[in-house]
Amino acid sequence: MADIQKQFEEFHDAIKLKRFKENEELREKRDIITKKIKKGVKTKFEEMEKDVPSLEFIDQGSYAVDLGIIPEDKDYDIDEGVIFDLYKEDYTDSVELKMIIRDILENHTNTPPKIKNPCVTITYSLDDEPAYHVDLPVYIKSKYDNNLYLAWGKEFSNQDNKHWDLADPEGLNDHIRNSFKDDAKKQFKRVVRYMKKWKDICFNSSGNSRPPSIGLTIAAVDLFSYKQSYNYLSGKFKDDDLGALKDLVSKLKNKFILKWDPDLEKSFYTIEYNLPVQPYSNVFSKMSNNQMDSFYQKLNELENALTEAESKSDPHEACKVLSPKYFGDKFPIPESKEARYQQVALSSAPSSNSAKGD
Amino acid sequence: MISIEWGNIVIEIEEQVIKVIQNMRQDSPTDKESGGMLIGSILTDSNDFVIRDYTFPQKEDYQSRYRFIRREKSHNALLQKKWKESNNTVMYLGEWHTHPEMDPHYSLQDIRNWRRLLRKSKTFSDYLVFIIGGISIYRVWIGSRENGDIELVYEGAYNESNKFN
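Quick mapping for you: the protein sequence lines, in order, are chains D and Z.
Residue numbering for the first sequence follows the UniProt record's numbering, starting at 1 and increasing by one per position.
Residue numbering for the second sequence follows the UniProt record's numbering, starting at 1 and increasing by one per position.
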């Protein structure tokens, strides 16, 4: 069995996205936007002769939980929640506050901000290529409970498609952050990043054909278990990322159920996974039966590849199974064992006669 | 894998080689001596070498409590097969055998035998490695084919925790 832990860890270093703490550029982008929103909200509300509400911001998404990977298309994605200390009972139109945010940031970037259903998106470009986008989900409070409510809807949506949706962004962050400790937590983060990279490499990026990252993350929190391998010569345990990843893939596969689709007269592997916090919705709900079935087939292929890699005795052969097909070319392939050795002529030895002696 | 620094070269012994010796050690009173060739390669970018394969007792060999005789023909045939399968990269690099004692020492017969192997074997390497597997530990010697000197270079304990493998 080949030991390719070193290659997995090198791969992880190559795809890992640094956190805000370590990534000054992104942190600055975030801080500029939050400052601008604070100032803009003050001005807007003063113009409307209303009390200026206090604002809070919350880091969300993969940055907040330190599970980000460097994007394939270099389009970095920051999620920053904006919480208005206002009551939804006073704001029947859920898009009103989003329009205020949009207006504040109107001239901040060359590409105008866009109001999407769950958030306002700010796009930064570099040489006409999108370089960053910042998604700003907008939340509000209620007079009657301590929950947060997400502003859902677009500017010209009809009333039915605009609403305040119960949400718990802080609870979700805590759920993910507090799921594992110490070395298990480190391996958990690596394994989630491997899954995300696999998703980037093996799925078409259009529409909802990719399983959402939050879905993979939530499933991993639930299904991951820490794996180590034992080296009997050194008497030491060391992390076994290949084993942990394979175990997760196989458990996730087992969460699929075969469902008959009467319209298409065909069976599909489908999966449901509910958010562990409000609103407890299915994280894979946007995927069609066809897309979920293809997700299952791809998990199956990945599981087979990991099993094959595990069975190879030469790390070169093991890594060649995984790279670049499943994880891209950032996954290193060490030199073949045979290539490390000199070629020699045929050797031989006479018989050998040993004895313990008297 | 164990790694032995010796002079300006490094000798690595892969895990499966130690494991076969461990499995054949004479830890019960009726176990007979076992032995075989040590087979390995020399790295392209240095003179370091790696013991990565072995032969074990064949039916023509002689095994008793205190004696092991490895015959020439069957083991050389195995060596040739392994050489071909390795794209001509492996060679004869020495000899291993077991002893029915906790802490193994070479006998007079052993040292004579090793010196003969240093002289008579035909292999690319300037050195041969000799391992005696005792019951609780194993020892590793290196012999020079140039001057016949033999030196103890390593002793290691088998790890008992095999249940994790």
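Note that these hints are calculated values from the structure, not bench results.
As the structure is a prediction and not an experimental result, all values here were calculated from the model.
The C-beta atom is built at its ideal place from N, Cα and C for all residues, glycine as well.
Incorrect hints may have been included.
Unchecked claim - DSS-like, lysine-lysine: derived pairs with alpha carbons at most 30 Å apart:
#1 K84(Z) with K312(D)
#2 K19(Z) with K246(D)
#3 K59(Z) with K320(D)
#4 K186(D) with K29(D)
#5 K320(D) with K73(Z)
What the hints assert, rightly or not - Some chain Z residues flagged as far from chain D (calculated, every beta-carbon gap over 10 Å):
#6 E5
#7 G35
#8 M37
#9 F56
#10 P100
#11 E101
#12 Q109
#13 D126
#14 E146
#15 L152
As the list claims (entries may be wrong) - Per label pair, the in silico range of CB-to-CB distance:
#16 L346(D) with L108(Z): 50 to 56 Å
#17 I9(Z) with L258(D): 55 to 61 Å
#18 E301(D) with R116(Z): 38 to 44 Å
#19 S3(Z) with A339(D): 17 to 23 Å
#20 E335(D) with S3(Z): 17 to 23 Å
#21 F124(Z) with S311(D): 29 to 35 Å
#22 K325(D) with D103(Z): 33 to 39 Å
#23 N290(D) with S3(Z): 49 to 55 Å
#24 G207(D) with S3(Z): 36 to 42 Å
#25 F124(Z) with L258(D): 34 to 40 Å
#26 T44(Z) with K74(D): 35 to 41 Å
#27 F124(Z) with I70(D): 43 to 49 Å
Honestly, which of those hints from before does the structure not fit?
Of the numbered hints given earlier, those the structure breaks are 3, 5, 7, 8, 10, 11, 12, 16, 18, 22, 24 and 25, listed in rising order.
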